[in-house]
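> One letter stands for each residue in the lines below.
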Amino acid sequence: MAGYEVSRVKRILVLILCSSCADQGDVAPSNTISFAEVTTEIAPTVCGNPNPVTILEVNGTGLALIDFDNDNDLDLFIANASGEPCRLYKNVGDGTIAYKDVSEQVGIGLNQWATGVTVGDANGDGFDDLYITCHGQNVMLFNIEGNSFVDVTEAAGVADAGWGTSSRFGDLDGDGDLDLYVCNYLEFDRDKPPPKAKYKGQDVLGGPHGMTPQQDVVYENVGDGTFANVTEEWGFTQTPAFSLNATILDFNGDGLQDVFVGNDSMANSLFLNTGEVPTRFINNGVQSGIAVNGDGSMQATMGIAIADINGNGRPDVFTTNFSSDTNTLHINDHSGYFDDRTSRFGVGLSSRSVLGWSCGFHDFDLDGDEDLFIVNGHVYPNASVATMDSSRKQPVLLYTRTGNRFVQTELQGEFRDRAAVFGDLDNDGDIDIIVAQRDGDVRVLQNEATPNSMLSIALEGAYGNLRALGASMTCTFADGTSSSYWNTDGAGFQSSHTPNPIVIPSHKHIVLLDITWPSGAKQVVTEFPVNGRVVIQQSK
Amino acid sequence: MNLSQSLKIALSVLVLLFGACSKEQPKQVKLDSGLKTEHALILDGNSGSARVRIRQKMATHGETPDALFLMGFSYHQEQKYGKAVEWLQKSVRANGRIYPPALHFLGWSYLYLGEVLASKKAFDDFLLVNPGEPDSMFALGLLSMELGDLKHAGELFAMVSSLAPHDKLMQAKASARWADVLAEQGNWLEAVSKYEHSLELNPDLYEAWYRFSQALKRIGLENESAVALQSFQEARHRVHPEWQATRFPE
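In the order they appear, the protein sequences are chains A and B.
Just so you know, the working numbering puts 1000 at position 97 of the first sequence, and the rest follows in order with no gaps.
Just so you know, the working numbering puts 798 at position 79 of the second sequence, and the rest follows in order with no gaps.
Okay, chain A solo, but in the shape it has when bound:
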C-alpha cells in the first residue's frame, strides 16, 4: 500500500489515561487502550481503480468474522470486487493471530462485484452461512458442516439483483429462524456512469444525487432452506432510499425485533415491528426523531454502532456520516423518542473533518464501559483540507468512555478505511479489530489489554438462531448499577461479525442477568462464577 509500510508489530494507538475510572469499583480497572498491528498473510482488498472514478468504487468492500468450522475461533471472510475472488481465511493462530487462505479448499470462488457480507445460520444446521451483497445478483453460500460452501442463491430464493450494500440476519417474525434484510443503494450502469458533479467547488465523481434509489428487500426464512420475498407484505415498501446499512434488534423494548436502516443523504428509517399477525412493520423514523439529526437534517449514514450510553436499558444509536457534517449519537428514551445528544457526549465536532464508515462500541480497555472506534476515509480521491476541509486519507477516531463523556485520542496513521470488524481473534478475552481500506491493505489490530480476572458471558439461542442474534441482556451489579447489551453482528458498514460475548470485569460483581431472547421470551440468571467463560442456553 502506498505510503504505509507494515512493520512486524506496530504499536499504533496511544495510551490513554482515564482519570475517572477510580469510582467504578473496588479494584482498579485497566485504564489504557493499546493495539499492536500484526502482520498476517491477508491479501489487500480489491475494488476497482486505485483512484475511484465512479460511485461504484467508492464504498470499498466488506469483511466478516465467522467461525465457519465451529472450532471456537474467528475466521475471516473478505469481499472483493472487480473480478478478484472473495477470500476466506481460517484462523490458525492458536492463541496468537494468524490466518491461512482456505478459499479454494472450501469452495469460495466468487468473482462478482461483491460489496458486503453478513453472517448467520440461514438454514439452522448449526453452521454459520454467508450472504454476500453485490452490484448485481447477491449470493447465498450455505456452509456444509464447516468443510465447504455451496452457492444456493437461486434455490434459496434470495437472488436479488440490485446494488446490495449491507445486509442483516434477524428473526423478524419471531418464529425462531433468521430472516434477511438487504440494503440496496441505487441504479448504476457501469457502462453509463453519471456525469461528474461539484462538491465544494471541485469536480467529483457523480452520485448519489440525481440517481435513482433502489428498494431494499426483506426475505422471510420459510424454514426449509428457502426464503420468500416479503418486502411488501411486511410493510417495508416506502419511498426507496440510498440504503447503506441496517441493524436488527428490539429498539422499543416490546420484545419484538425492529430494523434501523441508515441511508445516504436521505432520512434514515426505523421499521418498528407491530407484532401483528401477519407480520407487519411501520416506519417510525421521523416520528421517533431518529430519521434526521437534531437540526432536522438528513445525513449520509454509513456506520452504525449500538450501546446503552445513558444506562436506561434502551439501545442508543451512533451513526457515522459525511465530512463537514458530524457523526450523530441518538439517545433512546423510554417514551419511544430519540434525542440527538452528540455534543453532550463529545462525539460531534471532532468528526467534522472526517468521513466515517464502520464503527463499534466495545470495552477495549476492559474497564466496564464502552469505548468507540471509527474508521474513516474520503470518497473523493481529490479530497484535501484545502479543497474539501477533509483529506483523502484519514485517521481512525478512538474515543474512551470517561464518565459521561467520550474522550478522543490522537492516533497515528492515515488511511482510506471503509470496513471494520470486532472480535476476540486470539481468544484472550479482549476485543481485537480487523480494518480494511478501500482497495488496499487489511490491518489486524491486536488489543494489548491485559485481561486479568473477568467474566465472559455468551448466549446460545434455540435451534435456528443458535447465536441468538437480536437477544438483549441487562446485567445488574452488586452496587445497584446495571448495563444493557445487544447480541448483534455489529452493524459494520457492509460487514458483519458473529456476536461477541459480553465481558464483565471482576471488579463489577454481577448478581442478575435478565435476558430477552429474539422471540421475546424472558430468562433470568442469578448465579455466576466470579470469572471464566459462561455460555447461557435459552431455556426450553
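The set of hints was computed from the structure by calculation and includes no laboratory data.
Here the structure is a predicted model, which is why all the values come from computation and not from measurement.
Please note that the accuracy of each hint is not assured.
[Claimed, not checked] Cβ pair distances, simulated, as ranges: (1) A:Ala1424 with B:Glu953: 40 to 48 Å; (2) B:Gln747 with A:Asn1307: 54 to 62 Å; (3) B:Pro922 with A:Lys1095: 40 to 48 Å; (4) B:Thr756 with A:Gly1104: 21 to 29 Å; (5) A:Thr1115 with B:Glu953: 22 to 30 Å; (6) A:Pro953 with B:Glu909: 52 to 60 Å; (7) A:Gly1029 with B:Glu953: 37 to 45 Å.
[As the list claims (entries may be wrong)] Lysine to aspartate or glutamate pairs mimicking DMTMM-like chemistry, simulated, CA-CA at most 25 Å apart: (8) B:Lys887 with A:Asp1198; (9) B:Lys802 with A:Asp1106; (10) A:Lys1103 with B:Glu834; (11) B:Lys839 with A:Asp1236; (12) A:Lys1296 with B:Glu797; (13) A:Lys1296 with B:Glu834; (14) A:Lys1103 with B:Glu961; (15) A:Lys1103 with B:Glu926; (16) A:Lys1296 with B:Glu805; (17) A:Lys1103 with B:Glu797; (18) B:Lys840 with A:Asp1236; (19) B:Lys802 with A:Glu1317; (20) A:Lys1099 with B:Glu961; (21) A:Lys1101 with B:Glu805; (22) A:Lys1101 with B:Glu797; (23) A:Lys1103 with B:Glu915; (24) A:Lys1099 with B:Glu926; (25) B:Lys802 with A:Glu1313; (26) A:Lys1101 with B:Asp763; (27) A:Lys1101 with B:Asp886; (28) B:Lys839 with A:Glu1313; (29) B:Lys870 with A:Asp1198; (30) B:Lys870 with A:Asp1106; (31) A:Lys1103 with B:Glu805; (32) B:Lys746 with B:Asp763.
Don't be surprised by glycine CBs; every beta carbon is placed ideally from N, CA and C.
Starting from the known structure of chain A, arrange chain B on it as the hints suggest.
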C-alpha cells in the same frame, strides 16, 4: 429573566470588560478604504474575483492584516474553512498588528473544522479586543455544549440575549440554543417557551422549528408538534430551496 440572572449577566460583562483592559493589546488596524471594493465583492459572492484583486494589492502594498483577513474571509464565505484558517492565521500573526475580525472568523473556521480548543482560543482572544461581542459569545456557548458544560452554555446564551437587545436575529438564535440546553437538561416546558420566543423573532430558523416540534412531543402536544414539523419543512425550503429530497452537508 429574573433580577438575579440580570445581575449575574451584568457582572459577567463587567468581568469581560475588565479582563480586556487588563492585558496589553496588539495594535488594532481598521479595514483599509482601498479594500472596500474587495470586501463588497466577497459579500456579493464573488470571492474568486476579490482574491485576484487582493493578491494584486498585496503585491504592491504588502501583506497587511486586513488584506490577509479578506483572503481568509473570502474562503470562509465559500465554506472552505481549511483555506480560511490558513489566511486568517497569517492575518492574526502579521507584524504585531491585528485586524480583530480575523480572530472572530478564525474561531468560526476552526469550529467548522471541528477543532474545538483552537476555536475557543480564537474567540477568547477576539473577546479580549472586542469584549462582549455577542456572536463570539454565542459561539463559545456552542463550544461549551460540545465540551459538555451545559450550565456554562446556558449562561452564555442568556448573556448574548442581554448583550444584543436590538438584534432580533442574534436574540433568536441565542434563544433557540438556550432552549437546546434546557431540552438537554430535560426542562421541556421552558425549552418550548424559549423556542417559541426564538421563532417569533426569526421564523426562518428551521433547525429551531425542528427541535421545537420534538420538544412539543415531549410535553404531549402531538398536534402542535406536527404543525411545527410542517413549519420546519416550509422554513427549510424557504431558506434552502436547493435542498430537495437529498442533501450534502455543504
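> Starting from the hint list further up, note which numbers the structure goes against and sort them upward.
Violated hints: 2, 7, 11, 18, 23, 24, 27, 30 and 32; rest satisfied.
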